[in-house]
Amino acid sequence: MTAIRIGAVHALTASIEPIEAAFAQAWPSVEIVNLCDESLYSDYARWGCETEEITRRVTALLEYSVQSGSQGILFSGSLFSKSVQSARAEMSVPVLTAYEAMIEAAFAAGDCLGLLATVPDTIVAIERDTADYADANGFSFTLRSQLVVGAMDALRGGDSARHDALVAEAANELADCQALMLAQHSMGRSRPLITAIPGRQVVTSPDTAVLKLKRLLDESASKTAPETGNAG
Numbered sequence: 001m002t003a004i005r006i007g008a009v010h011a012l013t014a015s016i017e018p019i020e021a022a023f024a025q026a027w028p029s030v031e032i033v034n035l036c037d038e039s040l041y042s043d044y045a046r047w048g049c050e051t052e053e054i055t056r057r058v059t060a061l062l063e064y065s066v067q068s069g070s071q072g073i074l075f076s077g078s079l080f081s082k083s084v085q086s087a088r089a090e091m092s093v094p095v096l097t098a099y100e101a102m103i104e105a106a107f108a109a110g111d112c113l114g115l116l117a118t119v120p121d122t123i124v125a126i127e128r129d130t131a132d133y134a135d136a137n138g139f140s141f142t143l144r145s146q147l148v149v150g151a152m153d154a155l156r157g158g159d160s161a162r163h164d165a166l167v168a169e170a171a172n173e174l175a176d177c178q179a180l181m182l183a184q185h186s187m188g189r190s191r192p193l194i195t196a197i198p199g200r201q202v203v204t205s206p207d208t209a210v211l212k213l214k215r216l217l218d219e220s221a222s223k224t225a226p227e228t229g230n231a232g
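The numbering used here numbers the first residue of the sequence shown as 1 and each following residue consecutively.
If you are wondering where the hints come from, they were derived from the structure by calculation, not from laboratory data. Here a beta-carbon is modelled for each residue, glycine too, at the ideal position from N, C-alpha and C. Misleading hints may appear alongside valid ones.
[To be verified] Computed list of lysine to aspartate or glutamate pairs in EDC-like fashion (alpha-carbon distance at most 20 Å, straight line):
#1 K212 - D129
#2 K82 - E17
#3 K212 - E104
#4 K212 - D43
#5 K212 - E100
#6 K214 - E127
#7 K214 - E52
#8 K82 - E20
#9 K214 - E100
#10 K212 - E17
#11 K214 - E20
#12 K214 - E31
#13 K82 - E31
#14 K214 - E17
#15 K212 - E169
#16 K82 - E53
#17 K82 - D111
#18 K214 - E173
#19 K82 - D43
#20 K212 - D121
#21 K82 - E38
#22 K82 - E100
#23 K82 - E104
#24 K212 - E31
#25 K82 - D129
[Said to hold, decoys possible] Taking CB as the label site, the calculated pair distances span:
#26 D121 - N172: 30 to 38 Å
#27 A45 - G199: 21 to 29 Å
#28 G69 - A161: 35 to 43 Å
#29 T51 - P198: 38 to 46 Å
#30 T13 - P198: 34 to 42 Å
The task is simple: from the sequences and hints, build the whole structure.
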């Protein structure tokens with residue numbers, strides 16, 4: 001039986017390892033095909049927003065992933081959710097933004113939420129989308145967000161150990177929430193270093209994205225499977 005092919009599209013090479021680890025844990029039978037374009041992150045940093053040009057390139061990456069046979073796609077770049085949402089309306093397969101599944105999982109854990117991110121604009125985007133999700137579902141919540149200063153610089157400079165240590169240290173300052181969101185896929189690698197606290201669930205974007213995509217494809221397969229029965 002041919003393995004299900006999943007496309008994983010990235011704006012940082014550091015996001016590849018966490019997403020592959022999440023698949024290995026929750027869905028090891030799939031074939032993962034990674035696409036990475038770090039110019040997206042560089043140009044976002046230069047321009048400060050998702051421009052039409054960035055959206056065009058995100059769309060092209062997603063289309064290429066579909067053309068290569070991907071049956072579902074995860075886009076790991078947390079800064080590009082608007083571009084992904086715009087592009088996926090025309091896609092023939094399920095496409096998930098970096099953190100939509102994480103927000104859903106956080107609300108399943110409680111209404112007192114914490115958020116760690118290593119990029120300021122990611123905090124802005126997730127706060128916006130968390131509020132939108134709560135409004136759409138009639139949820140009330142509190143959210144405390146914190147930027148992990150220096151972590152992204154360390155990661156892009158090749159010091160992943162320092163990045164992970166800074167994230168784990170910052171997590172200690174958000175001990176009183178019911179769900180602690182690690183905003184970016186590149187932060188998933190820090191999860192094992194975070195101190196376990198009773199009553200607090202740590203949710204990561206790669207782990208939750210893999211589980212949601214698996215559920216979507218399982219549901220799709222069950223709907224299209226032929227019915228079997230005994231002939232009368």
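Each hint, compared with the structure:
1. For the given pair, K212 sits about 17 Å from D129 by alpha-carbon distance, which is consistent with the 20 Å threshold.
2. For the suggested pair K82 and E17, the alpha carbons sit about 24 Å apart, so the restraint of at most 20 Å is broken.
3. Of the pairs offered as hints, the one joining K212 and E104 holds, with about 10 Å between alpha carbons and a cut-off of 20 Å not exceeded.
4. Of the pairs offered as hints, the one joining K212 and D43 is violated, with about 29 Å between alpha carbons and a cut-off of 20 Å exceeded.
5. With a C-alpha separation of about 9 Å, the suggested pairing of K212 with E100 holds against the 20 Å cut-off.
6. Of the supplied pair hints, the one linking K214 and E127 is violated, its CA atoms being roughly 26 Å apart against a limit of 20 Å.
7. Between K214 and E52, the direct Cα distance comes to roughly 31 Å. Violation of the 20 Å bound is thereby established for this hinted pair.
8. Restraint check: the Cα-Cα separation between K82 and E20 comes to about 24 Å, which exceeds 20 Å; the hinted pair is violated.
9. Only pairs whose Cα atoms come within 20 Å are accepted, and K214 paired with E100 is accepted, the gap being roughly 14 Å.
10. With a C-alpha separation of about 19 Å, the suggested pairing of K212 with E17 holds against the 20 Å cut-off.
11. A distance of roughly 14 Å separates the Cα atoms of K214 and E20; the hinted pair therefore holds under the 20 Å criterion.
12. Straight-line distance between C-alpha atoms of K214 and E31 comes to about 13 Å, which keeps the hinted pair within the 20 Å bound.
13. Distance check on the hinted pair: K82 and E31 sit about 27 Å apart at the alpha-carbon level, beyond 20 Å; violated.
14. Proposed proximity of K214 and E17 is supported: the alpha carbons are some 19 Å apart, at most 20 Å.
15. Between K212 and E169, the direct Cα distance comes to roughly 29 Å. Violation of the 20 Å bound is thereby established for this hinted pair.
16. For a cut-off of 20 Å, the pair hint linking K82 to E53 stands: about 13 Å separates their Cα positions.
17. Of the pairs offered as hints, the one joining K82 and D111 is violated, with about 25 Å between alpha carbons and a cut-off of 20 Å exceeded.
18. For the hint linking K214 to E173, the alpha-carbon distance of about 33 Å lies beyond 20 Å, and the restraint is violated.
19. Proximity of K82 to D43 is assessed by CA-CA distance (about 16 Å); at most 20 Å being required, the pair is judged to hold.
20. Using a Cα cut-off of 20 Å, the hinted pair K212 and D121 is violated, with the two alpha carbons roughly 24 Å apart.
21. Between K82 and E38, the direct Cα distance comes to roughly 18 Å. Compliance with the 20 Å bound is thereby established for this hinted pair.
22. This hinted pair checks out: K82 and E100 have alpha carbons roughly 12 Å apart, not beyond 20 Å.
23. Restraint check for K82 and E104: satisfied, since their Cα atoms lie roughly 18 Å apart, inside the 20 Å limit.
24. Simply put, K212 and E31 have alpha-carbon atoms about 17 Å apart, close enough for the 20 Å limit, and the pair holds.
25. A C-alpha spacing of about 10 Å is found between K82 and D129, which places the hinted pair at or below 20 Å, so the restraint holds.
26. About 24 Å separates the C-beta atoms of D121 and N172, a value inconsistent with the hinted range of 30 to 38 Å.
27. Under the hint 21 to 29 Å, the C-beta atoms of A45 and G199, about 37 Å apart, miss the expected range.
28. Distance hint check: the CB atoms of G69 and A161 are about 36 Å apart, consistent with the given range 35 to 43 Å.
29. Range check, T51 to P198: Cβ separation about 45 Å, and the 38 to 46 Å hint holds.
30. For T13 and P198, the hinted distance range of 34 to 42 Å is satisfied, since their beta carbons lie about 36 Å from each other.
Checked against the numbered hints above, the structure breaks hints 2, 4, 6, 7, 8, 13, 15, 17, 18, 20, 26, 27 and satisfies the rest.
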